[in-house]
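I would like the entire structure built from these sequences, with the hints used as guidance.
Just so it is clear: in the sequence shown, position 21 is 20 by numbering that gives the first Met the number 0, and no numbers are missing.
Calculated directly from the structure, the hints in this document are not laboratory data. Note that the structure is predicted; figures quoted are calculated from it, not measured. You can trust all of the hints, since none of them are fake.
Each pair of labels, with its calculated beta carbon distance range: (1) A106 - R78: 31 to 39 Å; (2) E108 - M76: 31 to 39 Å; (3) V68 - E25: 50 to 58 Å; (4) L75 - L110: 35 to 43 Å; (5) S66 - V102: 24 to 32 Å; (6) A11 - M84: 52 to 60 Å; (7) E29 - N90: 33 to 41 Å; (8) M84 - I109: 30 to 38 Å.
Even glycine gets a Cβ: it sits at the ideal position worked out from N, Cα and C.
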Amino acid sequence: MAKKNFKGDNPAMAFITNPDTQEIQETQEEQVAQDTLNAQDVQLKQNAPSTQGRKGQKLPRINMAFSEVNLEYLQLMSRIQGVSMTAYVNNLIESDREKNTAVIERAKEILSGVKK
Numbered sequence: 000m001a002k003k004n005f006k007g008d009n010p011a012m013a014f015i016t017n018p019d020t021q022e023i024q025e026t027q028e029e030q031v032a033q034d035t036l037n038a039q040d041v042q043l044k045q046n047a048p049s050t051q052g053r054k055g056q057k058l059p060r061i062n063m064a065f066s067e068v069n070l071e072y073l074q075l076m077s078r079i080q081g082v083s084m085t086a087y088v089n090n091l092i093e094s095d096r097e098k099n100t101a102v103i104e105r106a107k108e109i110l111s112g113v114k115k
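Below is the structure:
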């Protein structure tokens, strides 16, 4: 039996160079580029410190109770700002801490004098 020779008329190459497959190949290349971008985003998120998991950053935790009205407000405002409820509360505390810097420093001075 003679050996088949596809050098001149290779059906696989004809399929690859078909105009329809070129469009599909371009679409696949675009998807690969998008997947690469998504992989970069995922890697950045993985490198960001998290608060959960064995290898995550361990932050102090407290258990808080809210009235129904305050909880509803907290949920709504955190959704509006696009952050978690924890992040929203932390932002509130941070802004209050910055606003009351002088009071905090004075309280620390008083407390350090009491300890001596």
